[in-house]
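The task is simple: from the sequences and hints, build the whole structure.
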Amino acid sequence: GAVVSQHPSWVICKSGTSVKIECRSLDFQATTMFWYRQFPKQSLMLMATSNEGSKATYEQGVEKDKFLINHASLTLSTLTVTSAHPEDSSFYICSAPAGTSGMMETQYFGPGTRLLVL
Amino acid sequence: KQEVTQIPAALSVPEGENLVLNCSFTDSAIYNLQWFRQDPGKGLTSLLLIQSSQREQTSGRLNASLDKSSGRSTLYIAASQPGDSATYLCAVSKNSWGKLQFGAGTQVVVTP
Chain A
1 GAVVSQHPSW VICKSGTSVK IECRSLDFQA TTMFWYRQFP KQSLMLMATS
51 NEGSKATYEQ GVEKDKFLIN HASLTLSTLT VTSAHPEDSS FYICSAPAGT
101 SGMMETQYFG PGTRLLVL
Chain B
119 KQEVTQIPAA LSVPEGENLV LNCSFTDSAI YNLQWFRQDP GKGLTSLLLI
169 QSSQREQTSG RLNASLDKSS GRSTLYIAAS QPGDSATYLC AVSKNSWGKL
219 QFGAGTQVVV TP
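Line by line, the protein sequences are chains A and B.
If you read the first sequence in my numbering, its first letter stands for residue 1, the second for the next number, and so on.
If you read the second sequence in my numbering, its first letter stands for residue 119, the second for the next number, and so on.
Hints may be right or wrong, so weigh each one.
[As the list claims (entries may be wrong)] Incomplete in silico selection of chain B near chain A, CB under 7 angstroms: (1) G161; (2) Y194; (3) G216.
[Claimed, not checked] Calculated Cβ distances over 10 angstroms to all of chain B for the following chain A residues: (4) K20; (5) E52; (6) E87.
To be clear, the hints were calculated from the coordinates, so they are not data collected in a lab.
Small disclaimer: the values here were computed from a predicted structure and weren't measured.
Just so it is clear, CB atoms sit at the ideal spot from N, CA and C, and this is done for glycine as well.
Printed below as a string of structure tokens:
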């Protein structure tokens, strides 16, 4: 099956710094990718939809200036957490749908990136 | 606004028992429903996908049913094994473009 990778798998940073997380589709092209955030003991919450070659679409309540998304190629989307604060500490997961004829039904998830902001 | 609820939040069973996990959603206008498995600190693995026109899907020991009109889906895992211990998430999609809304999950522990 299709594989989605994320890098790094975990990162610790100081408050106020920026952190970039990469999401790659390894063996298929993804014009759309999704970014989710998961706090401990909670479910995945969709943050934004990343669109190749155009601006990302953010969910209500997600600050687009804080969570910068760049989908520069058909296999790579990046999420940059700018001026990170301890409350941004979370598990960030990306996914990419795959399918044919516009029917993107099967979702492939990355392994996730655990961010800890001190 | 769609809300997805999973009951119970946690479940512990001895090995060999059958597992029954429930998922409910408030808006029946869904495109499909999916069940995922998540191991601690890991990403998600897709288990079953049910189209809105289908009533069930089966894969090995797993069977998922869908009653769209009542907004319910049930995941059955037969003859549970310790390796089935994980968190199980259901998610619904409103269209074919892959945007998912998740439930909070059911944490399953299967004891040897």
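Structure-based check of all given hints:
A cut of 7 angstroms between beta carbons decides the hint on G161(B): the least distance to chain A is about 4 angstroms, and the hint holds. Evaluation of the Y194(B) hint against chain A yields a violated restraint, the C-beta minimum of about 21 angstroms exceeding 7 angstroms. A hinted interface residue such as G216(B) counts as satisfied when its beta carbon comes closer than 7 angstroms to some beta carbon of chain A; here the least separation is about 3 angstroms, so the hint holds. Its beta-carbon lying about 19 angstroms from the closest one in chain B, K20(A) satisfies the requirement of being farther than 10 angstroms from that chain.
The Cβ of E52(A) sits about 14 angstroms from the closest Cβ of chain B, beyond the 10 angstroms cut-off, so the non-interface label holds. In this structure E87(A) is separated from chain B by more than 10 angstroms, as the shortest Cβ-Cβ distance comes to about 20 angstroms.
Hint compliance for this structure: hint 2 alone is broken.
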